[in-house]
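K.L.:
Sequence:
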Amino acid sequence: MSETPKRIITGLVMTAILCIIALLEHYGFHATRWAAVIVATGMIAEMVLAIKRAPSNIRGAGNNMLIFTVFLGWLVVVLASAYFVGLRQWVMLLLLMIICAADIGAWLFGNLLGGDKMWERMSPHKTWAGQIAGVICGTGASVLYGLLGTDTFLPQLLWIGISVSLLSQYGDLTSSWIKRRLKLKDFGNIMPGHGGFIDRFDGWIYALPLIWFIMM
Numbered sequence: 000m001s002e003t004p005k006r007i008i009t010g011l012v013m014t015a016i017l018c019i020i021a022l023l024e025h026y027g028f029h030a031t032r033w034a035a036v037i038v039a040t041g042m043i044a045e046m047v048l049a050i051k052r053a054p055s056n057i058r059g060a061g062n063n064m065l066i067f068t069v070f071l072g073w074l075v076v077v078l079a080s081a082y083f084v085g086l087r088q089w090v091m092l093l094l095l096m097i098i099c100a101a102d103i104g105a106w107l108f109g110n111l112l113g114g115d116k117m118w119e120r121m122s123p124h125k126t127w128a129g130q131i132a133g134v135i136c137g138t139g140a141s142v143l144y145g146l147l148g149t150d151t152f153l154p155q156l157l158w159i160g161i162s163v164s165l166l167s168q169y170g171d172l173t174s175s176w177i178k179r180r181l182k183l184k185d186f187g188n189i190m191p192g193h194g195g196f197i198d199r200f201d202g203w204i205y206a207l208p209l210i211w212f213i214m215m
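Under numbering that gives the first Met the number 0, the sequence shown has 74 at position 75, and the numbering climbs by one with no breaks.
Keep in mind that the hints are not guaranteed to be accurate.
What the hints assert, rightly or not - No farther apart than 25 Å at their CA atoms in a straight line, the calculated lysine-lysine pairs in the BS3-like style are these:
1. K184 - K116
2. K51 - K184
3. K116 - K178
4. K51 - K182
Note that these hints are calculated values from the structure, not bench results.
Given these sequences and hints, build the entire structure.
P.N.:
Structural data, given as structure tokens:
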């Protein structure tokens with residue numbers, strides 16, 4: 000099966016899972032929290048396995064092992080953030096909307112507009128045009144969330160949209176950089192066509208801990 004059908008099928012499965020989570024939340028289960036915890040735990044497990052299967056010459060090169068260990072430790076912070084932020088369903092929904100909009104905007108307009116690369120050594124396909132478009136789309140999604148929920152323009156959602164959009168893209172860059180050091184294309188294949196948990200949820204890496212910090 001080619002990549003496109005795999006991505007479509009995986010996307011439909013993920014949509015079905017989101018619907019089940021929403022249904023469970025309706026009946027009083029903390030499904031959002033535990034779904035977020037499962038994802039974050041999967042990210043940690045993928046990183047551990049990636050380090051284990053990396054050739055010894057890669058693990059021992061330069062300061063790679065220190066970098067991998069620090070990244071793994073940060074994923075534990077992401078797990079703690081998922082546990083605490085997961086109780087606020089509306090916050091997780093807002094985060095999801097912003098990150099998805101930023102990802103789609105960066106990918107779409109980055110391909111359409113092209114232009115200068117951001118950090119080609121870290122991620123060869125990311126462009127400045129894509130980043131700017133991603134921030135605009137993510138911020139638009141944040142403002143739209145407020146309008147749909149309250150019929151009111153909430154200025155603070157502008158700053159939340161900008162911050163989360165930027166952090167989600169830098170999470171993407173960080174995971175790409177780690178993959179290049181590990182010599183991997185994807186962290187895993189649990190989601191065919193999308194890669195693993197880290198590949199799909201790398202927007203959480205910095206954005207989720209930020210939200211947790213704000214809520215503390």
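K.L.:
Now tell me, hint by hint, if it's right for this structure.
P.N.:
Hint-by-hint comparison with the structure:
1. K184 - K116: 19 Å, holds
2. K51 - K184: The given pair, whose Cα atoms are some 16 Å apart, holds under the 25 Å limit.
3. K116 - K178: The given pair, whose Cα atoms are some 18 Å apart, holds under the 25 Å limit.
4. K51 - K182: OK: K51 and K182 at ~13 Å, within 25 Å.
The structure meets every hint from the earlier list without exception.
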